[in-house]
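The listed protein sequences derive, respectively, from chains B and H. Plus 375 on top of the position in the first sequence (first one is 1) and you've got my numbering. Plus 375 on top of the position in the second sequence (first one is 1) and you've got my numbering.
These are computed hints drawn from the structure, not numbers from a lab. Hints are not guaranteed to be accurate.
Any copy will do: because identical chains look the same in the list, a pair fits if it lies in one copy or spans two.
With a cut-off of at most 30 angstroms between alpha-carbon atoms, the simulated DSBU-like pairs for lysine-lysine come out as follows [claimed, not checked]:
| no. | residue 1 | residue 2 |
| --- | --- | --- |
| 1 | K483 | K529 |
| 2 | K483 | K515 |
| 3 | K529 | K444 |
| 4 | K408 | K446 |
Okay, here's what each chain looks like letter by letter:
There are 2 protein chains.
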Amino acid sequence: MSRIPEAVMRRLPRYYRHLDSLEKKDIIRVSSKQLGESLRMTASQIRHDLNFFGGFGQQGYGYNVTELKQKLVHILGIDIIRNVIIVGAGNIGNALARYGSFENEGFKLLAIFDNDEKLIGTKIRNILIHDSEELVQYIKDNKIDIVVLTIPGKFAQQIAYISQQAGAGAIWNFAPVDVTLEGIEVENIHLTDSLMTLSFRLACEEKGGC
Amino acid sequence: MSRIPEAVMRRLPRYYRHLDSLEKKDIIRVSSKQLGESLRMTASQIRHDLNFFGGFGQQGYGYNVTELKQKLVHILGIDIIRNVIIVGAGNIGNALARYGSFENEGFKLLAIFDNDEKLIGTKIRNILIHDSEELVQYIKDNKIDIVVLTIPGKFAQQIAYISQQAGAGAIWNFAPVDVTLEGIEVENIHLTDSLMTLSFRLACEEKGGC
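Work out the full structure: start from the sequences and follow the hints.
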């Protein structure tokens, strides 16, 4: 659906975060050179990326921080409230439910689902834990943009599939398997992969190079 | 420290996970074509990546699953036990401490640190929570490979720096800022970035393209 190269798209949240921090420091304008130094990129890479979105700096002035940030907010779609549900109230599900900073960016947690009878009916941060049996009907009855999967790997593909069938917009998957579905946006998060890349680099150092 | 392109290195954990799952299904050999189909890459990309590590398939046979997996285990350095500590026993720190599957890959959680007096001296999954004041001495006294930062953003850079000075090998940062340090391996995890890319793609769909 997007003409924007994947690599460019993946850098947009970083631009957004950086511009947000500049704005909080009351910085009004920034050059592509300064952006590049802060983000460890070249000025021309910055200009190249931002040109995709009509983020045109002015020669000798640079970018207006607030304007560019607002452009990114719109491009990233975080000016729209996104309804989110979490499936799986275990450790990761719990942590995500308690982690308030998503809500600052417009992600609104509506409900949590679990199949553990001891948890059903209890709340995390005022958000009710529903019976997993109600998941499909809940997605049908509410506009659910993002389904967060924090369940064991063996259930992930199936729950993702029924969520899609019920009308969910996207899957944010923390189960340790790759969910693959056509016709729905999926982000698979593999925290262990990131740990392994650290381990790889430590091993390289120990071997004196890779 | 590494001649291996970053993009190739980032794919290695996926290869490892996939080979591990094939092995668990008692599959003995696999072709680059089959690997490519499972991992949504071309056979030649697979061969190109694996050639960096001397993972040479045989014409007409393919790869031996267990051999190739063992090569990846060694390359990723996960045949070595990595000592890990967590700084910050809040929601994310807690979830990571309870999340056992890291330990299956050779990451061993030795200790947790926090500055909350109510938490100091208590345990998560038999792992003691120490006073943050003891962090530097603990890193000096033990070989700490990876320091996990699950603390507020404003402390992250400083705690990363003192961990490096005390002798830690790498930083796995979950605080919502980019830790930047020379001479130490750093992985910055920004969960919100990944949510924003989902939001971006949903917004693209709604606009009929980006």
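Tested hints:
1. In this assembly of identical chains, the alpha carbons of K483 and K529 lie at most 30 angstroms apart whether taken from the same copy (27 angstroms) or from different copies (25 angstroms).
2. Taking the shortest alpha-carbon separations for K483 and K515, only the intra-copy value of 17 angstroms comes in at or below 30 angstroms, while the best inter-copy value is 43 angstroms.
3. Proximity of K529 and K444 under a CA criterion of 30 angstroms is satisfied inter-copy only: 21 angstroms between copies versus 40 angstroms inside one chain copy.
4. In the homo-oligomer, the alpha carbons of K408 and K446 lie at most 30 angstroms apart inside one protomer (19 angstroms), although the nearest pairing across protomers, at 42 angstroms, exceeds that limit.
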